[in-house]
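Per full-length UniProt numbering, the first sequence starts with residue 1, numbered consecutively.
Mixed in with the good hints, there may be bad ones.
To be verified - Cross-link-like lysine to any residue pairs, in silico, SDA-like; alpha carbons within 25 Å at most: (1) Lys219 with Glu165; (2) Lys219 with Ala182; (3) Lys91 with Gln75.
As the list claims (entries may be wrong) - Pairwise CB distance ranges, derived in the manner of DEER restraints: (4) Ser105 with Gly161: 34 to 40 Å; (5) Ser107 with Leu207: 43 to 49 Å; (6) Glu74 with Gly22: 39 to 45 Å; (7) Ala151 with Gln117: 33 to 39 Å; (8) Pro181 with Gly22: 19 to 25 Å; (9) Gly67 with Lys204: 47 to 53 Å; (10) Leu217 with Pro184: 26 to 32 Å; (11) Leu217 with Gln78: 43 to 49 Å.
None of these hints come from the bench; they were simulated from the model.
Just so you know, even glycine gets a beta-carbon here, dropped at the ideal spot from N, CA and C.
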Amino acid sequence: MPQTATKRRLISLYRHLFRHFGPQRWWPARSRFEVIVGAILTQNTAWVNVERAIAAMRGARLLNPRGIDAAPQEQLAQLIRSSGYYNMKAKCLKQFTQFLQTRYSGSLQRMCRAELQRLRPELLGISGIGEETADSILLYAGGRPIFVVDAYTRRVLERHGLSTEKTPYGAIQRLFMTHLPANPTLFNEYHALLVAVGKTYCRKTPLCDSCPLRYDLPKESPLLS
DNA sequence: GTCCGGGACG
DNA sequence: CGTCCAGGAC
Numbered sequence: 001m002p003q004t005a006t007k008r009r010l011i012s013l014y015r016h017l018f019r020h021f022g023p024q025r026w027w028p029a030r031s032r033f034e035v036i037v038g039a040i041l042t043q044n045t046a047w048v049n050v051e052r053a054i055a056a057m058r059g060a061r062l063l064n065p066r067g068i069d070a071a072p073q074e075q076l077a078q079l080i081r082s083s084g085y086y087n088m089k090a091k092c093l094k095q096f097t098q099f100l101q102t103r104y105s106g107s108l109q110r111m112c113r114a115e116l117q118r119l120r121p122e123l124l125g126i127s128g129i130g131e132e133t134a135d136s137i138l139l140y141a142g143g144r145p146i147f148v149v150d151a152y153t154r155r156v157l158e159r160h161g162l163s164t165e166k167t168p169y170g171a172i173q174r175l176f177m178t179h180l181p182a183n184p185t186l187f188n189e190y191h192a193l194l195v196a197v198g199k200t201y202c203r204k205t206p207l208c209d210s211c212p213l214r215y216d217l218p219k220e221s222p223l224l225s
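Please take these sequences and the hints and turn them into a complete structure.
As structure tokens, then:
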């Protein structure tokens with residue numbers, strides 16, 4: 001498929017999503033640090049359960065790098081219990097604050113200004129932070145023009161014939177980043193809108209009949225009701 | 001492929 | 001009761 005066709009299609013999908021769902025205004029958080037905590041806690045977890053965990057951390061005055069660093073991992077784990085995988089996530093939070101202190105003197109400001117080619121691998125070096133979480137931090141906390149790929153993104157693209165289940169994370173990310181302007185605001189809304197359509201229509205059992213993206217479906221897609 | 005995991009929702 | 005969730009490590 002010619003590049004321009006894919007480009008027009010990706011832009012068209014975005015416009016239809018935006019028209020249907022309106023602006024999503026991610027990321028819901030009071031601070032940049034809270035965005036990062038949320039990005040870690042929401043891994044394979046419903047957001048409502050993350051909100052409870054963040055509220056508990058705030059109540060314990062641990063919603064900051066020094067607090068997390070000082071708290072015993074077991075206490076942190078209990079506070080974030082509602083978000084699931086709490087032992088792994090508590091360890092990850094402490095590893096991140098250690099990293100932030102060691103590598104960027106505890107300054108999120110400095111971290112977010114670092115070269116992407118350096119910062120992204122650094123984040124991936126933290127156990128518990130994979131590609132999606134790293135890119136969520138870069139985009140939603142750092143305001144960097146990085147496209148976040150998640151399970152919803154994959155499902156929508158597959159059903160519209162733009163990828164397969166074997167397509168690597170980086171290839172899907174490149175699909176968006178090579179065809180769209182490197183605009184953090186656009187990437188922010190686009191990802192959030194893909195989550196919205198994934199929850200509402202592009203479910204495991206799809207609801208294509210009423211989906212705002214049904215116009216783009218491949219004609220020959222017997223699976224899709 | 002298997003494990004981590006509580007909570008919302010049906 | 002069963003399913004699913006803004007994934008990642010081994």
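Outcome of the hint check:
| no. | hint | result |
| --- | --- | --- |
| 1 | Lys219 with Glu165 | 20 Å, holds |
| 2 | Lys219 with Ala182 | 31 Å, violated |
| 3 | Lys91 with Gln75 | 11 Å, holds |
| 4 | Ser105 with Gly161: 34 to 40 Å | 48 Å, violated |
| 5 | Ser107 with Leu207: 43 to 49 Å | 46 Å, holds |
| 6 | Glu74 with Gly22: 39 to 45 Å | 42 Å, holds |
| 7 | Ala151 with Gln117: 33 to 39 Å | 26 Å, violated |
| 8 | Pro181 with Gly22: 19 to 25 Å | 21 Å, holds |
| 9 | Gly67 with Lys204: 47 to 53 Å | 39 Å, violated |
| 10 | Leu217 with Pro184: 26 to 32 Å | 29 Å, holds |
| 11 | Leu217 with Gln78: 43 to 49 Å | 46 Å, holds |
Checked against the numbered hints above, the structure violates hints 2, 4, 7 and 9; every other hint is satisfied.
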